[in-house]
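Heads up: the protein sequence lines correspond to chains A and B, in order. Reading the first sequence from the start, the letters are residues 1 to 881 in the numbering used here. Reading the second sequence from the start, the letters are residues 1 to 125 in the numbering used here.
It is possible that some hints are incorrect.
Residues from chain A that face chain B, not an exhaustive set, calculated with beta carbons under 7 Å [what the hints assert, rightly or not]:
hint: 1; residue: PRO33
hint: 2; residue: THR34
hint: 3; residue: ILE36
hint: 4; residue: VAL37
hint: 5; residue: THR231
hint: 6; residue: VAL316
hint: 7; residue: MET338
hint: 8; residue: LYS359
Partial pick of chain B residues on the chain A-facing surface, computed with a CB cut under 10 Å [claimed, not checked]:
hint: 9; residue: ARG11
hint: 10; residue: VAL39
hint: 11; residue: PHE40
Result set (SDA-like, lysine to any residue): computed pairs, CA atoms no more than 20 Å apart in a straight line [as the list claims (entries may be wrong)]:
hint: 12; chain 1: A; residue 1: LYS695; chain 2: A; residue 2: GLU612
hint: 13; chain 1: A; residue 1: LYS359; chain 2: B; residue 2: ASP85
hint: 14; chain 1: A; residue 1: LYS359; chain 2: B; residue 2: CYS121
hint: 15; chain 1: A; residue 1: LYS283; chain 2: A; residue 2: PHE268
It is worth saying that the hints were derived from the structure and are not from the lab. Predicted model, so just to flag it, every value in this text is computed and none were measured. Cβ coordinates follow ideal geometry from the N, Cα and C atoms, glycine included.
Next come the chains, spelled out residue by residue.
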Amino acid sequence: MSELKRTCLYDTHVSAGATMVDFGGWEMPVQYPTGIVAEHLYTRSKCSLFDVSHMGRLLVEGPDRVRFLQHVVSANVDALLPGRALYCILPDENGCAVDDAYLYRFEEDRLLLVVNAANIDKDLVHLEKYLGGYDCRITNISAEWACIAVQGPESKDLLMQLSGGEQITEPMKNYVNTLPLEGHLARIAKTGYTGEPLGYEVFVKTEDAAWLWNRLCELGARPAGLGARDTLRLEAGLPLYGHEMGKDPDGVPMPVYSAPVARFAVSFAPQKGDFIGRAALAKQYAAWQRIMNREGGDNSALPRRIMCIALKERGVMRAGMPLYKGDRQVGWVTSGTMVPFYKAEGEGLESVITDEVMKRAIGMAYADSELLPDDEVEVDIRGKRIKAVIAERHLDTMAPPYARPIIYGYTLAEHVPEEGSRLEKAVRLLEKAADNHEWRQSRCINLIPSENTPSRAVRLLSSSDPSGRYAEHKTVKSFYDKDIFYYQGTKFIDWVEQQLVEEMKLFLGSKEAETRVTSGQMANTAVFSALMDFKNRLNRKQTPLRLGYVLNNHIIKGGHLSAQPMGALHDYIAVDPVTEQNAVVNFPVCPDNIYKIDVEETKKVIAEYKPELIIFGKSMVLCKEPVAEIRKFVDEQGIKTTIMYDMAHVLGLIGPHFQEPFKEGAEIGTGSTHKTFFGPQRGVIGTNWDEDELKYELWETIQRRVFPGSVSNHHLGTMLGQLMAAYEMNTFKDEYQKAVIANAKHFAKALAARGLKVEGDPAMDYTETHQVIVSVGYGRGAEIAERLEKNNIIVNYQATPDEEGFTASGALRMGVSEMTRFGFGPAEFDKLADLIADCILNGKDVGEDAAALRDGYTAMRYCFNDEELGEALERLAGMLR
Amino acid sequence: MNNPVSLQYSRSHEWMSQEDDIAVVGITDFAQHELGDVVFINLPEVGDEVTAGEAFGDVESVKAVSDLISPVSGTVLEINEELLDSPELLNDDPYANWIIKVENVSDTEELLSAAAYADLCETEA
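Take the sequences, apply the hints, and build the full model.
Written out as structure tokens, the structure is:
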């Protein structure tokens, strides 16, 4: 037997007391003295280090590198942009796996393929067999580079201590970066094999490996061995070659599509051509689709699939144990053990992970394809049939920073039905509504930046008669574009709408305005729908083409949900056939101010992608958007595009104190009327084309996509309120906008002066809008927002542009517009900053002080007062009594 | 490794103590260390017959399953029920946490002294 190979960290493992075992010809640590259970739990709660230097690192270089890889791996390598990584499979001609691998593109011209340690020689032989005809080479760099997996909720924090505070990678999975860690070059990928939402694989030169390992241990990470690596990946449902991939216990090769990861790892993109195993994989894919659609039919290409399985009785299942449904053997267990987890108490965002350790017997099985989650099966454990069940998953990784165990059979606490008769319930509803109104309007300091309180006149108008009416109408060419109404009794609302359109055109600085949309989201949907319709107007004989490319702000960088593929763009955005992803690119942001668009980098993106649509605007917004610069650039370059500004959050700030998108070159503006604007909850669209321009037709299309495309009844009550709000805004906007922006800047500085970490550029007093963002510590946003609410201060927690998502939120987003309207000025925001700092930093109870501060500021400013509106207002109020 | 001299040891890494007609059986420190984290235990029921040199149950660690071999023949008098919920007690202190008690002992395997068992462990380590 040949001598076992050792990684460059061998001595480090031995001196730490690791138990070393033979793993695929490598002498590797299976566990450290603390044991597998402790290592598993430490990974899930803190941060563990795994030596994965035994894995094969193959560098693929040369002009045909991408073409070659497209031929030999299952994934779409053309979609792998520099700075990203992807999981893939090395298929054979029969559609089975030679190996599975991760492909990293740290650099444009070199791709790193990381394969399983035991398969390196086999993989190299396999790959070299196909190398002929491609101008590229494969170099085994396994000896020159080491790799340490740094996994767990504290991994980012520990690595950032070594990077001097520099972000390690973009917060999304599968991003990679190259940066120095205390002077040592590191190539880092946000990837891993533990299921941890926060986990990195760090490639360093062999000579730096021991340094990095020891340095991370000093900072609080702990070593973990192959034992914990196996229980962690099993809990995460990740396949292990030789168990969930390769050959089944009968020695029959398992089709690639039997592993759930195949869905993401296999691409049939045209540019892949006839890659290895394509025909066989296509058959498996067809069978997989039939199985997923529960259609039955011939599934011989995919007779069994890998699924999660949980024991319902006492016991432990192990790889190789047969699985039964009744008397029929339906497969085998491929991996199984007992894994530990920390018990959680409570539900939802408020659930708390306790230090009580529980265990559960879970596994994965290779079983008949038709089996579904919740199907009852039995595992033959050494001659005894033990009840088990097919489970959807064992772990969920979508609520960073923690991976959360999904315990089979767990159900949320049942909804307790409200007691009493319907009349009693109706009375209770009224009482609760009054309590809520009183709290929010006189005892609460409202700092949610997307909210406002409408004036009394706006509220009264919104509930007056038209609130129950219909007034469908559209312009008709036969009548020289005269608006034609479908119902009688609508002359009043016709007058209201004409007034509102004029007021909104004036406010927006646009040539046209559409006011029937009932939300900002609907405004965007109507615009996207119209853009798509306009794009296809000259060819109605085919399925319309979707939009692509679109340039927008990424949601993680503060982008507005309504401008994302998961929001209003969903049904209108194309999939790029090359990348097989939504045809969306994002504005690059400035490295030194991640809240600001990087104009020069944006120009490069526009030149490369030639986006059909550019959408400015954000929901987490501290800076002006560079509309004028980008307008100038696309005009100079002759790039045909449409520039849109989603003003949702900043609609009420539009003007010389903030920015004037139409003056700066935007063609379309959308917004919601209840955030910084004074209105009830509605939307608005403005466009800026003249009648003789080609795109004026797009404006007409927008109107049609509003009615009948989006609304039939456009909520006439709030439309009346909206007209009053527009009168108020056009009368008071100069002083209101000036006050809001001055207050925001003052509030930001006041919070910073009290020791809070205010986001944004101090040189611009942190903000140019109504918003102030305070960082309160990674993952602590929700807890602190809840604490403030208990103290009568309402804010909303948000993930900053370098955090993973809302459950990992480390920031509070606050807006000053509503309290400005209630009369808060610099002195009041100073007091408020005192209260917030006391509550966050010192844990003080400030609820009564907050209520007292609010109590003096309940009268609405920047609107016509009751005396001015006089009898007309009281008459309407009397009628609504 | 500290194997109490008051106990006797089997070559399959169980310990036994005998008081009157009752044998108390557990696993050794070497065994628990080799197993790693014990996460599950299968025990016989009270009244079951056990046979010297044959399995009477098994222990599962995260990594693998191992049979528990009875050093004696007899009838199970008592099982340590605490281990069913907390098998990790075998890692914490294998000598304080017995596994079964056997009565009507009719046959006993040839067992080792603490010193002889320590030698055996050294050759296996």
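Okay, the hints, checked on the actual structure:
no. : hint                   : verdict
1   : PRO33                  : 10 Å, violated
2   : THR34                  : 10 Å, violated
3   : ILE36                  : 4 Å, holds
4   : VAL37                  : 4 Å, holds
5   : THR231                 : 6 Å, holds
6   : VAL316                 : 4 Å, holds
7   : MET338                 : 4 Å, holds
8   : LYS359                 : 6 Å, holds
9   : ARG11                  : 22 Å, violated
10  : VAL39                  : 4 Å, holds
11  : PHE40                  : 5 Å, holds
12  : A:LYS695 with A:GLU612 : 13 Å, holds
13  : A:LYS359 with B:ASP85  : 10 Å, holds
14  : A:LYS359 with B:CYS121 : 31 Å, violated
15  : A:LYS283 with A:PHE268 : 12 Å, holds
Hints 1, 2, 9, 14 from the list above are not met by this structure, while the remaining hints are.
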